[in-house]
Amino acid sequence: DTAVSQTPKYLVTQMGNDKSIKCEQNLGHDTMYWYKQDSKKFLKIMFSYNNKELIINETVPNRFSPKSPDKAHLNLHINSLELGDSAVYFCASSRRTSGSSDTQYFGPGTRLTVL
Amino acid sequence: GENVEQHPSTLSVQEGDSAVIKCTYSDSASNYFPWYKQELGKRPQLIIDIRSNVGEKKDQRIAVTLNKTAKHFSLHITETQPEDSAVYFCAASSLRGGGNKLTFGTGTQLKVEL
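So the protein lines, in turn, are chains A and B.
All the letters of the first sequence, read from the start, carry residue numbers 274 to 388 under our numbering.
All the letters of the second sequence, read from the start, carry residue numbers 805 to 918 under our numbering.
Be aware that a few hints might be false.
[To be verified] Derived DSSO-like pairs: lysine-lysine, alpha-carbon spacing no greater than 30 Å straight-line:
hint, chain 1, residue 1, chain 2, residue 2
1, B, 861, A, 317
2, B, 875, A, 314
3, A, 292, A, 313
4, A, 325, A, 309
5, B, 846, A, 340
6, B, 872, A, 317
7, A, 317, B, 875
8, B, 862, A, 314
9, A, 295, A, 317
10, A, 282, A, 313
11, B, 846, A, 282
12, A, 309, B, 846
13, A, 282, B, 872
14, B, 872, A, 309
15, A, 313, B, 875
[What the hints assert, rightly or not] These stretches of chain A come out as covered by chain B in the derived footprint (C-beta under 8 Å, 3 or more residues):
hint, segment
16, 308 to 322
17, 377 to 388
Derived from the structure by calculation, the hints contain no laboratory data.
Here a beta-carbon is modelled for each residue, glycine too, at the ideal position from N, C-alpha and C.
So that you can see chain B by itself, here it is in the shape it has in the complex (with noise of 0.2 Å):
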């Protein structure tokens, strides 16, 4: 099956500053990579997804990048804020099986310091 493996698990950064979390998963036929930020005691909320036709994406200060060869995803926050104070979770998701399953990473915690 699908193994996602996500680093650093803890991440500090100063206000502005970029933060990058990189995401590597095993199988092949895995098409459909989402980002979910998670506040405390709240639910996983999508901030930006790619899928495998892609090799990158932007939303204002939130890009992802995908290299479909080599197997890894990584997210990119620029100019970051308080607010992204969250943990955030890679995920990797294909119809093997019949079923759209979703295979998370262990998760990130980002905290922005002022």
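Next up, chain A with everything else stripped away, as it sits in the complex (with noise of 0.2 Å):
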């Protein structure tokens, strides 16, 4: 299914290189978000926008930038790759942010190999 898609799904760099990361959903939803899934597994929010406006950022360097041309897309921006960024990166979409909490759909991933 390409409800919420990621490119791209492998990605090599050397340390110190700029890199990005797209992501696009075609299900309508309000909000998006981007996880980190370290190599233990576990899985912590950096950003979520909605309707293009960032309302959550954890504590994520700023050499992490995401940016939401509009709201099907979010894309992941990361200057100075450091050895520890690499990780999986999950793009996820859900329908609101307001009022309940929604279904969260996450996208392929892409993993990120810094050397």
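These two chains come separately, so use the hints to put the complex back together.
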């Protein structure tokens, strides 16, 4: 299924480089998220956008900059990559933010390896 | 902020047996509790969820119970099958701070043995 899609699926790069991961959802959802899953499988939210507006920023280093050109897209740009950035990054989306919590649907993930 | 603890970290059961995974949360404002299943190399997928106004929910072989007073919730899988083998994550969500923020537990690796 292609409800939430991410590109690329794999990303291998050198320390110090800058890279971007793209996410798109075709569910008509208002809210999108970025999660990081580390080597121990721990899933932690990084950012959340609602209708292109940043609503959650979880003490992520400012080398990480999300960008939402429209509510169907949320991209993640990472500057000056470090070894510790190696992880799987998941994009997710949900219908809305206010009123009640809604189901979050995850993309297939992007495995980032920093050498 | 919210803290979610999940136990056990690994669980092995024989095919046909039941499996129970338990989670506790700390934020009394949390009102939504989903469970996700993640197979190796795949995305987390929602298998069942429960909201704070409900104590129990069942969907075929899967059930979730919620005790708001004690701040804990559990996943029950009956008649386990090999395809149930995966990592299971509990999560808690509240709208505190203006966002639909999911805080995940640390995951349970379930192995169903033949």
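How the hints compare with the structure:
Simply put, residue 861 of chain B and residue 317 of chain A have alpha-carbon atoms about 26 Å apart, close enough for the 30 Å limit, and the pair holds. The hinted pair formed by residue 875 of chain B and residue 314 of chain A meets the criterion: a straight-line CA distance of about 24 Å does not exceed 30 Å. The hinted pair formed by residue 292 of chain A and residue 313 of chain A meets the criterion: a straight-line CA distance of about 23 Å does not exceed 30 Å. Distance restraint check for residue 325 of chain A and residue 309 of chain A: the Cα-Cα separation of roughly 20 Å lies within the 30 Å cut-off, and the hinted pair is therefore satisfied.
Between the alpha carbons of residue 846 of chain B and residue 340 of chain A the distance comes to roughly 25 Å, so the proposed pair stays at or under 30 Å and holds. For a cut-off of 30 Å, the pair hint linking residue 872 of chain B to residue 317 of chain A stands: about 23 Å separates their Cα positions. Proximity of residue 317 of chain A to residue 875 of chain B is assessed by CA-CA distance (about 21 Å); at most 30 Å being required, the pair is judged to hold. Proposed proximity of residue 862 of chain B and residue 314 of chain A is supported: the alpha carbons are some 27 Å apart, at most 30 Å.
The straight-line distance between the Cα atoms of residue 295 of chain A and residue 317 of chain A is roughly 18 Å, inside the 30 Å bound, and the hint therefore holds. Between residue 282 of chain A and residue 313 of chain A the CA atoms are separated by roughly 19 Å; this keeps the pair inside 30 Å, and the hint holds. Note on residue 846 of chain B and residue 282 of chain A: the hinted pairing holds, with a Cα-Cα distance of about 11 Å set against a maximum of 30 Å. Between residue 309 of chain A and residue 846 of chain B, the direct Cα distance comes to roughly 14 Å. Compliance with the 30 Å bound is thereby established for this hinted pair.
Simply put, residue 282 of chain A and residue 872 of chain B have alpha-carbon atoms about 39 Å apart, too far for the 30 Å limit, and the pair is violated. The straight-line distance between the Cα atoms of residue 872 of chain B and residue 309 of chain A is roughly 28 Å, inside the 30 Å bound, and the hint therefore holds. Using a Cα cut-off of 30 Å, the hinted pair residue 313 of chain A and residue 875 of chain B holds, with the two alpha carbons roughly 25 Å apart. Judged by the Cβ-Cβ criterion of 8 Å, the segment 308 to 322 of chain A is covered by chain B as claimed, because 7 of its residues qualify and three suffice.
Requiring three or more residues with a Cβ within less than 8 Å of a Cβ of chain B, the coverage given for the segment 377 to 388 of chain A holds, as 6 such residues are present.
When held up to the earlier numbered hints, the structure conflicts with hint 13 and nothing else.
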